[in-house]
Structures are given as C-alpha cells and as structure tokens.
Amino acid sequence: MKKIFAWIRGLAAVYCNEFRLMLHDAGLMLFVTFLPLGYPVIYSLIYNPEIVREVATVVVDHDRTPMSREFVRKLDAAQGVWVKGYAADLHEAQRAMAGQDCFTIFEIPEGFQKRSGRGETAEAIMYCEMSLLLRYRACLVAATDVSQVMGAEIQTRDIQELGLGSIATTDPMPVNSVAMGNIKSGFDSFIMPGVLMLILQQCIVLVLGMRGGARHESPKLIGYDPINHDSSVVATMIGQMAAYFTIMFVPLMFLFHYVPLIFAFPMAGDPWEILAFMLPMVLASMCMGLCLQAFVWEREAVFVLWVVTSVIFLFLSGLTWPIYGMSPVWKALSAICPSTWGVEGFIRMNSNGASLAQVGDCYRNLWILAGGYFVLAWVLHRFVIRPTEPRAARA
Amino acid sequence: MNSSEATRASSASLRRDGGVRAIMLRSLLEIVRRPLYWIGFFVLPLFCFLFLANEMENGLPMRTPAAIVDLDRTSLSRTVEQNLNGMQLVQLDMACESFTEARKAMQEGKVFGVFVIPRGFQADLLSGRGPVIQFYTNMTYFVPANLLYKTFKTTALYTKAGVALKVLETAGANPEEAVPMLNPVSVVDRSLGNPSLNYGVYLCNSFIPGVVQLMIFLVTVFSLGQELKYGTSRRLMQMAHGSIIRALFGKLLPQTLIWLVVVFFMESWLFGWNGYPMNGSWFWITLSEVLFVLAAQGMAVFIFGVLPNLRLSLSVCALIGVLTFSIAAFSFPIQSMYGPISIFSWIVPVRYNFMIYINEALNGLGFYWSRWWFAAYMVFILLPFTLLWRIKKAMLNPVYVP
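In the order they appear, the protein sequences are chains A and B. According to the numbering used here, the first sequence is numbered sequentially starting from 1. According to the numbering used here, the second sequence is numbered sequentially starting from 1.
Honestly, the hints are just simulated from the structure, not real lab data. Possibly wrong hints are sitting among the right ones.
Unchecked claim - The calculated SDA-like cross-link candidates involving lysine to any residue, where the alpha carbons are at most 20 Å apart (straight line), are:
hint, chain 1, residue 1, chain 2, residue 2
1, B, K110, A, G353
2, B, K104, A, L134
3, B, K110, A, L356
4, A, K84, B, P333
5, B, K150, A, L134
6, A, K331, B, A53
7, B, K150, A, S185
Said to hold, decoys possible - The following residues of chain A were derived to be distant from chain B, with all beta-carbon distances above 12 Å:
hint, residue
8, I4
9, A13
10, F19
11, S232
12, V233
13, V234
14, I238
15, V250
16, P251
17, Y258
18, L261
19, R382
20, I385
21, E389
To be verified - Incomplete in silico selection of chain B near chain A, CB under 8 Å:
hint, residue
22, A95
23, Q134
24, Y149
25, M181
Keep in mind it's a predicted model, so treat the numbers as computed, not measured. Note that CB positions come from ideal geometry on N, CA and C, so glycine has one too.
Take these sequences, add in the hints, and give me the full structure.
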C-alpha cells in the first residue's frame, strides 16, 4: 500500500514538475500553442480557394468558322478554362506558354466545321503544360464537357437530317457522377483533414522530443533542472504524458474540430466518436515522442532530426499515393506510423461519415501502436535514458 | 564556459592557427564528430530521395478497389461489368446487393468508388426510356477517385455508344454514317512533357528539392546557432581575425561542398536513374542546382541574421521549410490562391528551382525563359550581406536564450 502511494506521489511530482519546465521554456510553449493553433489556419488558407478555375488558355484557330468560334465560346464559359486570347499560329502560342502567359493551347485545325458537316468527327487538339496536375485536370474536364455538349447538339441535328426522326433524340443513357465525402471535389477539403492529423502527430512528437533533449543540457545554460529525480520510469513517462495531455487538450480540440468548422471542410462524423477516436491517436503519438527522447541529445537537435519526417509521414499515410499501390516494404513502414491510421480513420469519419465501429481497424491499430510504442519507450527510458542522465543519483 | 573560452582565445597560439583554412577544418571536424550532422546531411535527404521515387515507381497506382451494384442482373449488365473489370486502373473487389452496402464498404475504406446499374437497365435501354447510370467516387482520396472517375466515365460512354450504334443501325443508318455520329466532336489530349501522367515526375521533381531546401535551412542555422549557444562564436571570430565574412565563409564552405554533392546526386537520381524527362540542357539545370544550394544557404543565414538565436531561427526555418511544400505551389497553382497569400510563394528559393525545372527539364525551353529565375537566386545569395553586422554583433556577444 505504501508503495502504491509513493508511486502516485512520484507521478504527481512529475506532473507538477513538467508544468514548471514547460512554463520556463519559451520554445516548448511556442510549440504547444502556435503550432496547433496557427499552423493549420495558415495551411488551410493557402488551399482555401479549393478548386482550380479559369486556367489561362490561348487558342489557335485555323478554321475561323461559326462552329470553331462556338467551340471557343463554350470553352471560355467552362469553369476550368479562361480563353485569354487567340494566337496567329502555334509558334506564337508556344511563346505565350513559355512565358507562362498561358498553360494550355487549344488548336482547332482547318476544316473543323467542314468535317462536322460531312458527318465526320471534328477534332480539336489540347496541348497542356504538365507541371501541375490540378491544372491539367481542370482543362481536361472543361475540354471533355464542351466536346460532349457540342457533340450532343450535332448528333441531334444529324439524326434529324438523316431522316431518322423515329429515334428519340434525348439522351439514351444519361450518366451521372456523384462525388462522395468531399462533395465539392475541392483540394483544401481533400488534403487538410489528413494534414490536420499529421500536424497533430508531429506537434506532439516534436514537443516531447524537445522536452527530452533538455536532460543533457546544463541546467545553468537552460535555467532549470530538467530531471525528474525520485520517480520510477513508468511514473515519469505517464506523468509527462498527462502533463502534455492537459496543456494540449484545448489546442488539439481546436485543431481537429474547429479548423474544419472554420474552413467548411466536410464534417459528416459524430464529434463525440471522433473525440473517442482521437484518444489512441494522441496516446500513440505521445509514446512515439517518448521514444524519440532517447535520440535527442540537445533540445534544438529535434528540428534537424524530426521536421523533415513530416514529408515522409505524409507520403506514407496514403493521402497522396494510396496504400494499396505501395510496395510491401513501404506498406509495412506505413503501418507502424500512428499518422497513417489517424489520417485514414479521421478522413473516413469526418468526411465520409463513418461511425467508430466502421473505422474499427484503424482504431484497433492505433491502440496497438500506442501500446507498442509505450513498451518501446519504457525500454528506451529504462536502459538508454536513465543510465545517461547526468546525475543518476538514485537508489 | 565563456570565461574559459576567453582565456583560451587570448592565448597567442590561437593567432597562428587562425584563418579561413583553420575555420574550415574546424567546421569539417564538427561535422565528422557529430552523428546528427550525418543524419541531416545524408541519411534523411537520401532516405527521402529513395522513398519518394520508389513509392511512385509505377507512375500511377493500378487496380483501384471499387464496388459494383448490379440491380439489373441481365446479360447486358453483366457485359458492362466485364468491360469495367477489364480496365487497367480498376479492380472490382466487391459485388454488392444494394447501394447502402456499397456505401458502407466505402466508409470502411474497402472501396474508393461504386458503379451502379439500375433495376430494369436492359429493358429500359432497349425501349428508349433512358435508364440512368450512376457512379460514385470517394473524393476524399483524390488520386484513386480521379482514376476511378475516368475509368467509370469511359466505360459508361462506351456502353452508351454501343447502344446508340445498335439503335441507329436498326433505324436504317449505315455503319459508316453512324460511327462518327457517336462522337461528333472530340478533343485530342497532348500532355506535354509527361504524356503518361507519371505521378512521380510530377511530385518528386518538386518535393525532393523541397526536402533538400528544408535540410539546408535547418543544418545551416543549427550549425551557426551552436556557436552562440555554447559561446564558441568568440573563438570563431578570433580565428577569422574579426572578419565576419571570413568566419561565415570558413564555417559554411565545407557545408556548401557537401550539399553540392547531395544535389548532384539528386540530379542524377531524378533525371538519370529514374529517367524523369530531361528535355533541356544539363548545363543550366546543373547551374540551377548549384545556385539553389547557395540561395538556400543565403536565406538561412539571412534568417539567422534577423533572429540571431538558435531556437527562434530554427523554429522559423522549420516553419518556412515545411510550409514551402504548400506555398511554393507544387500542387495548387498560385494563380488560384488568394493574391495576398500567393506572393509568399516567391520568398523561397525552391520556387525558382521548380520554375527552372519546368522550363528546362520538363518543357525543354532555352535559358532565355528562365533568366529571371536565375537572377532571383542571386538575390537570395546576396541577402545575408545586408545583415552581416547583426550576425557579427551576435557572434561577438553570444547570448543563449532558452
């Protein structure tokens, strides 16, 4: 019984000590407040226009007929394309593209209208600059839509001209596509829910990693004593986690609930279930951060070691490149990152409206990772960190 | 520590080993002695090179899992299903009894899209009642959803064309007349530079230099800030005989050389090993990489000059370095961003690296079109010279603010 009380006293001591350290450390405070509060807002603002509209386009019209002009007018009216002007020939258009005055060239060959009049297929050519796929997609969608709308009009005309009036000229088989989850098909709504989870994980890991770096620093240099002297390893770990959980609770709530609210991202999930889902995500990230502490020998080193991993976690998460398209090695690596499951589960709940039961796989894996990283962190703390602590003057 | 440093600095022996060469040797030893630098210079960048390019090796993810809901169950609906399954980009993993079942599978992440054939499809189609084909794509995952969209749409249009052809023929049209009638206007798509829509070409050529820039920022500022933190900057200035230019030159030149090796490797990795399009001149691309390293170092030194404090300048570098991947418009064009935000895309060196890559490697244009981007590098390289006085002041009176 005494032992248990001593343990709890140790835990409470760590908890209070961690708060003292945090408040003395401007760098840590910056990370627990600005990172979750400011960063997602900046990120969301960058992509907030959501959709690529009005891509600058130059037309080379060798046909100069009512039909070619009709084609260009329709193209200009489409969401994705802005017809900036005509070029006399392809060479002039190429110069415009080279100078980034336009990103697509539509070339309408001579005989565009004539071919259509003869009942042949009238072809236009789209040259697209391929540095950004979103731009290409906007132009391709516009071009496809225009060709289909004009095609349907011509089809109706042809059928009547052929004297096949008996056929109904309405669409024989309408095709309807529906965007699920992210119904606007916007880029912000696509990427940000996932990025929020990445920010959450990186923020927690960076904070705990930086905290861990303090133990090797001279207390004189940093102005406080970073070691928890009389607590057991587990008590130290849990005390640290509890302290950071307390201080980061509100910023993290802002991150995954209010940021989507402010920027009108899809929010189809049940907020309480999402909150429940976040628990293992936060715990797994914290345990990962505790593991990182073993490798950080100086508080600032965490920047060099960890910041760039955000890119790695982003590409491992399956957000940009789907997990089913990865090789087994990367699949395995992605499975041991909390962010992978956090991103997937959060997107499915938040955007697709899945229930906690439906993301059971992610939820379970996050708990497994939390447990696994906790054990790993214990091993590292017990056998790596404790022995290297400068004044290991404990019994 | 500062006092002992000062006494050591005052000893006459130091006068002899001063000079740029000694500083360079000192800087090099520092790099060799600390594994942290190995990780920053080599391990992390090289891992990112390997990982990004290898992950997207196939160009596009094939066989996106999708579900089909066949409510008709006739020979025609089965033909549609077979056609769909024959497409390269889709894999019909599930056949669902109802849309609800398919939607649940989508929420569980098993499929990324659903293709629905309505009840009475064949009968309605043949009698001209216009049955509606619906397909659903999960737009929370852009790449799989767009690939499925394309495949679903193509399949639906082929089906429609087949039916229309049959109807036209039964109504008495010749096949020669009827076939072009199905597709009266078409737009031929010529995607310049990356005709296979290789995702690796699109992402690696911007993200990998972005990683390099981030690491240059962090390592440069870290190494300079260490001098302030441990008060060794006085010794550094002593060795440089009080000249901040000499001190920075000696301190950073070994790093520059290492970064040059890294970017030359990057260049050969991207355009050589992975075979990404390289339609322009190797000379200008190589020059661009060299200036890119100098520009990134210049910007890092400038940030350090603005905030001569290890912690703060590292935080700012990390913030800018990570934001770069979004603000430099690698995926979302600046023309579509809000104006006041898009101007920030021009404050990072990697933006110019990206522009020169587009002009030279992807589009094969001449130097003329990139002249301003090369000039922009120069601005970054000259930037730190405006704040040398501040860095010198900080180096002479090192203060560590935790």
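Comparing the hints with the structure gives:
1. For a cut-off of 20 Å, the pair hint linking K110/B to G353/A stands: about 15 Å separates their Cα positions.
2. A hinted pair counts as satisfied when its Cα atoms are at most 20 Å apart, and K104/B with L134/A does not qualify at roughly 29 Å.
3. For the proposed pair K110/B and L356/A, the alpha carbon gap of about 15 Å is at most 20 Å, so the pair holds.
4. Between K84/A and P333/B the CA atoms are separated by roughly 17 Å; this keeps the pair inside 20 Å, and the hint holds.
5. Annotation: proposed proximity of K150/B to L134/A holds, straight-line Cα distance about 15 Å (limit 20 Å).
6. Straight-line distance between C-alpha atoms of K331/A and A53/B comes to about 15 Å, which keeps the hinted pair within the 20 Å bound.
7. Of the supplied pair hints, the one linking K150/B and S185/A holds, its CA atoms being roughly 14 Å apart against a limit of 20 Å.
8. Interface exclusion of I4/A from chain B stands, the closest Cβ pair being 36 Å apart, more than 12 Å.
9. Residue-level check passed: A13/A sits 22 Å from the nearest beta carbon of chain B, beyond 12 Å.
10. Consistency note on F19/A: stated as away from chain B, and its beta-carbon is indeed over 12 Å from all of that chain's, at 16 Å minimum.
11. No Cβ of chain B approaches the Cβ of S232/A within 12 Å, the least distance being about 28 Å, so the stated non-interface status holds.
12. V233/A, annotated as away from the interface, keeps every beta carbon of chain B farther than 12 Å; the closest lies near 25 Å.
13. Non-interface status of V234/A relative to chain B is upheld: no Cβ of that chain comes within 12 Å, the nearest being about 28 Å off.
14. No beta-carbon of chain B is positioned within 12 Å of the beta-carbon of I238/A; the least distance is around 26 Å.
15. A cut-off of 12 Å between C-beta atoms confirms that V250/A is not in contact with chain B; the least separation is 21 Å.
16. At roughly 16 Å from the closest C-beta of chain B, the C-beta of P251/A stays outside 12 Å, upholding its exclusion from the interface.
17. Look at Y258/A: its CB is around 20 Å from the nearest CB on chain B, clear of 12 Å, so calling it non-interface holds up.
18. The Cβ of L261/A lies farther than 12 Å from every Cβ of chain B, with a closest approach of about 17 Å, so its non-interface assignment holds.
19. With a cut of 12 Å on Cβ distances, R382/A stays outside the contact zone with chain B, its closest approach being about 23 Å.
20. No Cβ of chain B approaches the Cβ of I385/A within 12 Å, the least distance being about 17 Å, so the stated non-interface status holds.
21. With a cut of 12 Å on Cβ distances, E389/A stays outside the contact zone with chain B, its closest approach being about 19 Å.
22. Residue-level restraint check for A95/B is violated (minimum Cβ-Cβ distance to chain A is 19 Å; threshold 8 Å).
23. For Q134/B, the suggested interface contact is upheld, since its CB lies about 5 Å from the closest CB of chain A, less than 8 Å.
24. Checking Y149/B against chain A by beta carbon gives a least distance of about 6 Å; that is within 8 Å, so the hint holds.
25. Look at M181/B: its Cβ gets to within about 5 Å of chain A, closer than 8 Å, so that hint holds up.
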